[in-house]
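Protein sequences appear in the order of chains A, B and C. Note that my numbering has the first sequence beginning at 1274, numbered continuously upward. Note that my numbering has the second sequence beginning at 2, numbered continuously upward. Note that my numbering has the third sequence beginning at 5, numbered continuously upward.
The hints are all genuine.
Label-pair ranges, simulated between beta-carbon atoms:
1) B:GLY617 with A:ASN1499: 56 to 64 Å
2) B:PRO510 with A:HIS1340: 33 to 41 Å
3) B:TRP634 with C:GLY47: 53 to 61 Å
4) B:PRO707 with A:THR1412: 57 to 65 Å
5) A:ARG1426 with C:LEU37: 21 to 29 Å
6) A:GLY1405 with B:LEU138: 54 to 62 Å
7) C:LEU71 with B:ALA695: 52 to 60 Å
8) B:PRO707 with A:ASP1382: 55 to 63 Å
9) A:THR1412 with C:VAL99: 53 to 61 Å
10) A:VAL1351 with C:ARG75: 17 to 25 Å
Every beta carbon over 12 Å from chain A, so not counted as near; a handful from chain B, in silico:
11) ALA58
12) ALA242
13) PRO528
14) ALA567
15) GLY627
16) THR635
17) ALA667
In case anyone wonders, no lab produced these hints; they're calculated from the structure. Ideal Cβ positions, reconstructed from N, Cα and C, are used throughout, including at glycine.
Chain by chain, the residues run as shown.
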Amino acid sequence: MDRRCWLAAPIVPPLLAGCAGPQSALDPAGPSAAAIAGIWWGLFWMALVVWMLVTALLLAGLRRRRHLSEAGARRMIVAGGLVLPTGVLLGLLVHGTLASDRVSGRSADASHLVAVTGRQWHWDFVYLGDDGRPLAASTDLLAMPLGRMVEFRIESADVIHSFWIPRLGGKIDAIPGRTNVLRLRADQAGSIRGQCAEFCGLEHAFMGFEVQVLAPAEYEAWLRDNAVAQAGEGSP
Amino acid sequence: MSEARMDTLPPGENSRRLAALARIWNNAPGWRGQLTAVNHGTVGLRFIATGFAFLLAGGALAMFIRLQLAWPGNQVLDPERYAQFVTLHGTTMMFLFAVPIMEGFAMYLLPKMLGARDLPFPRLGAFGYWCYLFGGLFLYSGLLFGEAPDGGWFMYVPLTDATYSPGRGVDFWLIGVTFAEIAAVTAAVELIVAILLCRAPGMDIRRMPLFAWAMLVTAFMIAFGFPPLILGSILLEIQRAFGFVFFDVARGGDPLLWQHLFWLFGHPEVYIIFLPAAGVVSMVVATFARRPIAGYLWIVLALVTTGFLSFGLWVHHMFAVGIPLLALAFFSAASMAVAIPTGIQVFAWLATLWAGRPWLRVPMLYLVGFFITFVGGGLTGVMVALVPFDWQVHDTHFVVAHLHYVLIGGLMFPMFAGLYYWLPLASGRMPSESLSRTAFWMVFVGFHLAFLPMHLTGLLGMTRRAYSYPEQLGVHWLNLLSTAASFVLAAGTVAILIDAALCFRHGRPGRRNPWRAGTLEWALPHPVPAYNFASLPVVADRYPLWQDRGLAARTADATGLLGDPASGRRESMGTSILGGVPEQVIRLPGSSWQPLLAALAIAALLACFIARLYLGSVLVLVVLLGQFCAWAWTTGDRHAPARVQAGPRLGLPVQYACRNAPGWWALVVTLLIDGSLFASLVFAYFYLWLGTEAWPPAPMHAGADPTARVALVLLGVCWIAAAASARLMRRGGGRALALPLGVAALAGAGFLRAQWQAVASGTGAPGEHAYASVVWTLAGFHSVHVAVAMLVGLFVAARGQRGYVGAERPLEQRIAAALWAYVAAQGAIAWGVIHLFPEWA
Amino acid sequence: MARFASPSTLAGIAAPMAVWAVHFVVLYSLQGLACGEGWSQRGASWAMLALTVPALAAITWLGLRALRAARAAGAAGPAARRARFAAQAAALCAVLATVAVLFTVVPVLLLPACR
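Only chain A is shown next, with the shape it has when bound in the complex:
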């Protein structure tokens, strides 16, 4: 559980639940989500400071007895409205743009390949070997190897869905006619949760899936247990 959540609790009263949860972006279990969670906390404190500054300026302004001069007013507008935002936002833009590349996982090669198909209202996973042949298949349950980069190739069989495992990283949509690629690595063993994040009809709310992060040996065993017949001998 992230201690920073508890630090923030006195400031943000509704933080009753803490930040842990099987689907919590604030409880990262992989490098991509961890980077994004770090960005979040930076943004949170920055926003809090700005919010308090503006509120203080407002309340002080409502009570002031002396007048600010015209020149002073202009300085306030330029400093607070133009210079401050431009500087801060430019910094955020550079940081965010570079981070978008970093968290996409392209720096390392992916050691595993999974084809994901979203359909109303389930997720089908096909685990591919190095040559692209299907090794195993599962529905609504995803197995991932611990500490290895997995590349997901995400498609849709019907409407737009969105593939999201918050504790591992950001989401990407499953759009009919396209294959979207997402790379995630899980650094904690155990069970976490993923969910469809694009409204796709009646049972969208419960189009979730369980993610089992297994040590490499267990993962190989799991693949064997859920193996599919080879191409030509039937379909998963």
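Using the hints, position chains B and C against chain A.
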């Protein structure tokens, strides 16, 4: 130009004139008067009242949604109902409340603030209102038929195409929303012309109230921002109804095209909602700081810059669709940049308070709520502008929290501030201090307790549009808190509305201008006369009432500009765009049945369409065209003099004889809107091309064959003939218009025939491939425009025969010629895209 | 009658942001076309940077023209004040538009065109 413009009148003449003005401007009595009213005060208040009614409807839907989400496993709403309720809640708030309510404020306040008698197109405004009302009712009627839309208020395809939404719910949405949007489009035309042309003498652009600047920028944003959604809705509807292909992957379509078109509208839409509210803030802050606004120039720039930048943000709603990172980064950059002009406005308001003598009354209290809430929402907006962060929180309750912070913070609080600020003007009474303050705290506390937790529930994994959630997420207590607090928010909102409504009857009678504000609307007495000012004010300052103490009294007497109602017509003044110099007297229509009847005809047409009674739709269309022609025939007055006496020693032309006639500028704005619609269609063509291997797909083919060339030549003939009409009319008068406009109409008919043949020869049926669909749509879109130009040309030729148009009254000829020029240019582009591009590509 | 888009007209005030808009559309379209049609990524990035130069030049020219107009606006009277106001607005718009164009270009310096 001041007191020298006042007449000295014989005794009794002033009261006689005031009585005549009242007679000319008042609505007819009874319900007949209400149905035929066109004056801006009545129509503006109607927009506001209807907007609040839809607020209550959308709010009621929200209460059910919150009840359903209060605890995991609730069954207050089944999944289907829940989907309908979230769709209708979002649609109602965005289309039927947020935009129309500020339109209503603008319609009611702008003529008063600008020193005018009315808006320049009263019947158009009334027509817009009826379309808004009937469109909203059309949308809700889906509930009666068990076919409410349920695809979410973004209506993403393929979920909303005929395969996955086979009922009529989506059609009710597409048609109902487009119908209601007519009001936004007519308001854009009306407001641009009003703000540019219909200001008081002396009110140059430097002295214009900031609310007027905000509405000017907003109206231009509506003109460019609504057409992409209108086009997208048309494309989806013809795909569903007639089997066209735009979004269906199997036949060359792309679901992302819908998203691009929707968000090209959707992002400017939220600034269309915010900017008017920002304009209200500028007005209220100045009054309660008891000094002119600081940084007027900065705020004007911030409004203009926000207007432009807001069109460069739309893909930030699509950060998760799999587009390359650099493209995402462009939109991330613009999304961050737009916070700069917003920051400029916030600091300008703060500086005004710091430089003034602040006075805390109820309107200012609501502005405190605005600052705290909106800035919070703006900050979370900067957060979601960051691509990797958005990849986590996109489509979660974090975004729900953000959007409610900016919309309730940025629209509702300023709107409530404006409501309490201008309530004494409209009602002549003061609302209850205790009720309004209590309601404020209920709304403020209720809102924050309801929506602040959603930032966390979103980060904990709670997605949008989910009718329930697993208990293991750990968000149930926060949801319970949100639900409880939302009832407090709802109660507070209802209390405000009740307070405002009761004020009209039971409020404490107040004096004129209780806030001692400086802008022109406060010069009016209560009850506000239907004609606003008996004499139009002449202004010399940004805050006329602070600079000229006697102004209010002078405008109440009919001794000055346009004080003499001898003509018996409703009259207002037109001034030059930049300098506010009087240029024309604008004659306005009185009460009329036409707006209501035209809106009813459109409702009937659309009802036939959704019921698949297409023949009925065509018949009603013919009736509707006849109605529009009859309506247009009543404009202009062939017996009106070319010049009238606007005031002592001031003679001015009437609008038909003036180059800057309101009708001319209405055409310009309409062509901008139409151009945006056309540009969206051309964008759709190229977007689909980019995603397709073979274009056109075999066996279709395209090329500039002889028939196509003939079509282009005929289009050129239309343009030349129409252009020649000006010179012919100068020589031969209105009757000489029959020849050039008749030739143009004939050439137009020939063009339609040739173009149809040219397109049909190589393009297959629309349902075969997206290429065919978009080519037929492009050709059909342009053909409709040619038909309209033919109709307008023949109409103007007939008017010329009857003496309505002539060398001294050239307005209608200019409109017909300009329309043909536009249609020819549009046709040339469409021709190039359809016949030349595929060969070249 | 003021020339269209001169610094004392409404179009003149908005002109620098119109340049930003054209620059933005051109860059985004170029990126889409380059990646959709398989053109050279490095070439596309250089082209985007190169196109930024005329955009900034145009905005700077508009801004300087506006500053000159503001100084030349004349001494007193409402017409002079109005002309100066409009010219100052156009100059300030040029400043904001420059910031906006720079924001648009920063990503081109950080990312390849089609990743």
